[in-house]
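Produce the entire structure from the sequences given, and follow the hints as far as they go.
Protein chains in written order, with the numbering used here: chain A, 2 to 329; chain B, 448 to 809.
Simulated from the structure, these hints should not be mistaken for lab results.
Incorrect hints may have been included.
[What the hints assert, rightly or not] Quick look at which bits of chain A chain B covers, simulated, 3 or more residues with Cβ under 8 Å: (1) 87-93; (2) 152-160; (3) 249-260.
[Claimed, not checked] Keeping only pairs whose Cα atoms sit at most 20 Å apart, straight-line, the calculated EDC-like set for lysine to aspartate or glutamate is: (4) K308(A) x E780(B); (5) K651(B) x D45(A); (6) K305(A) x E803(B); (7) K305(A) x E483(B); (8) K651(B) x E53(A); (9) K308(A) x E775(B); (10) K651(B) x E724(B); (11) K308(A) x E795(B); (12) K739(B) x E483(B); (13) K54(A) x E95(A); (14) K308(A) x E803(B).
Source: prediction; values computed, not measured.
The beta carbon of each residue, even a glycine, is placed where N, CA and C say it ideally should be.
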Amino acid sequence: MAHTKISMAQALNQALRDAMAADESVVMFGEDVGALGGVFRITDGLTAEFGEKRCFDTPLAEAGIVGMAVGMAMNGMRPVVEMQFDAFGYPAFEQIVSHVAKMRNRTRGRVQLPMVIRIPYGGGIGGVEHHSDSSESYFAHTPGLTVVTPATVEDAYGLLRKAIEFPDPVVFMEPKKLYWAKEEVDLGESVPEIGRAVVRREGADATLIAYGPAVPVALEAAQVAAAEGRQLTVVDLRSVVPFDDETVCAAVRRTGRAVVVAEASGFASVSSEIVARVTEKCFHSLAAPVRRVTAFDIPFPPPKLEKYQLPSVDRILDAVDDLQWEDS
Amino acid sequence: MTTVEERLLPSAEPVCLIDQYGVPHDNPPYELPARETLLDGYTQLIKGRRFNEQASALVRQGRLAVYPSSFGQEACQIAATMVLREGDWLFPTYRDSVSIMSRGVDPIETLTLLRGDWHSGYDPYEHKVAPQSTPLATQLPHAVGVAHAARLKGEDTVVMALVGDGGTSEGDFHEALNFAAVFQAPVVFFIQNNEYAISVPLAKQSAAPSLAHKGIGYGVPGERADGNDLAGLLAVLGRAVEKARNGEGPQLIEAHTYRVQAHTNADDATRYREDAEVAPWLDRDPIDRLVKYLSENGGLDDAVRQRAEENAVRIAAQLRDGLMPEPEVEPAELFAYLYAEQTQQLREQAAFLRDELSREEA
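Next up, the structure:
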């Protein structure tokens, strides 16, 4: 496939298109995913290309959408469903936590659920209340769910293809604010494995560990830090669950210092889990406590105030500065 | 003895007292509201329409983050509040700004959510208007709770709970109806069926004969009205409120109307519907028919028209003046309201932000 300049939204659309063409059992449904093509246009053109049996609108009921997907997955299909916005997925929480996550275990592995729950998430788009939540920690906390989130156009394509092929249910978190940024990519050239993180940038002084919407901010911070004489490694988790201890810990051991960057609130979150793991596994390699740059522990603010909530380059650089560079 | 069907099922056709040509029903199933009431309604409709137009204009100018317009649905919006008393409650959705404004809430405070400087701009207790709900149907069980509490306290409050056609598919809608019926809570569930949930037409939303039919499964009487006929809406909603107040339990009303404009300014309705579908609804406009009726049946003189126009001009100016300046936001507020007593962690985070901002200024 030739190099083309496309957005993450287009890459996700292409991944759905290719997955549906490759496997008849893949079906896509949710709210407004048919004629409209989804409010973010991720399903644009799928109904026209594959027909209403393969990509269709449902009544407006998230628990119903996820619950029906469970039944279809039990009966041989590979459903991909869309929760229109992060916070609009909460009505489906019981289905996800009590059934999607537990089906394999409760049936001693007899029933598999190869389904994908796509969730546009995070802020940075000026959304009003309930349109900008980072809900990944709820899902990551739930045993039985696989949770992935792309940070690049190429990963968006590759991870979604992998998620659809995956034997177990995947919560696929799509960072809304990265939907429209375009990159020159060769889709399918290098396909990420679910459960493997990637080092986006090498640097000897400290490691930034980020995922989803925080990755571009971490990379920008690393670039600024380099100009100021400090070389930072940036690890992009790609998968929150399964967690790639190996890649993360190797980077931290090499650099001896680490900052976790996440857009979600910090308390009892994915970011706190990362700090705990890194501290447990790399304690003797650490020259300073692992720091975090996260959102405040408050509901996601209204549009005019969201800039105060999102991790910024300055906050990351301040945290890096704080990593006890000199013995006092 | 009436049968269950007679008691609980809606009328065969939506109640319409003044048709789209301004002609009154010759054998009305409900009494036509008094002329003074209709004149008041007319004035409010003109104001509501101008509110919708001005808010949409302010979105185009970047003064509002988003505006889900109720253009064409103003009769529903106005009627929902005209039938309430001062002590009653209104539970609105994000599309019900005109209803909120018509209840007496300051128009700028009404639009705070959509401007984006806070999640809700008004004091819910001042006019007994709950915060606008963006997640669908989630406000309905709250409405039942407010109504049930009022009954427990011996108050004769009625709660007007608004929801759209799409919202009737959510579990919360069904749980709210069931609870309200079991506890005989004085709630009027008012569905504004505008035919669309963003892009999904009603035919793909529900296979019920009408949304008002959904009441029978819960033992809640259903009724339906032409959502563009203010007179019919006032009659039907008025009776429902009266029944709820008299201890007859919850009522379910469906208004048949139409979302003339896109879901919001961020939506492109041409992707899922033809203009030809919209056109007939413009002929059923709620204002035109009331103007025709009142002009021919007395009352709508130049003085009334002029007063209504002045009101409309005033509300438009109020929105422009109030929304044109960039709102002042106070970052410290982000931490101020989470708990009755702020936690140590939030105090630390507030101090962090304060320090960061003071360094930026320096």
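How the hints compare with the structure:
| no. | hint | result |
| --- | --- | --- |
| 1 | 87-93 | holds (count 4) |
| 2 | 152-160 | violated (count 0) |
| 3 | 249-260 | violated (count 0) |
| 4 | K308(A) x E780(B) | holds, 14 Å |
| 5 | K651(B) x D45(A) | holds, 19 Å |
| 6 | K305(A) x E803(B) | holds, 18 Å |
| 7 | K305(A) x E483(B) | violated, 43 Å |
| 8 | K651(B) x E53(A) | holds, 12 Å |
| 9 | K308(A) x E775(B) | holds, 14 Å |
| 10 | K651(B) x E724(B) | holds, 16 Å |
| 11 | K308(A) x E795(B) | holds, 19 Å |
| 12 | K739(B) x E483(B) | holds, 16 Å |
| 13 | K54(A) x E95(A) | violated, 27 Å |
| 14 | K308(A) x E803(B) | holds, 13 Å |
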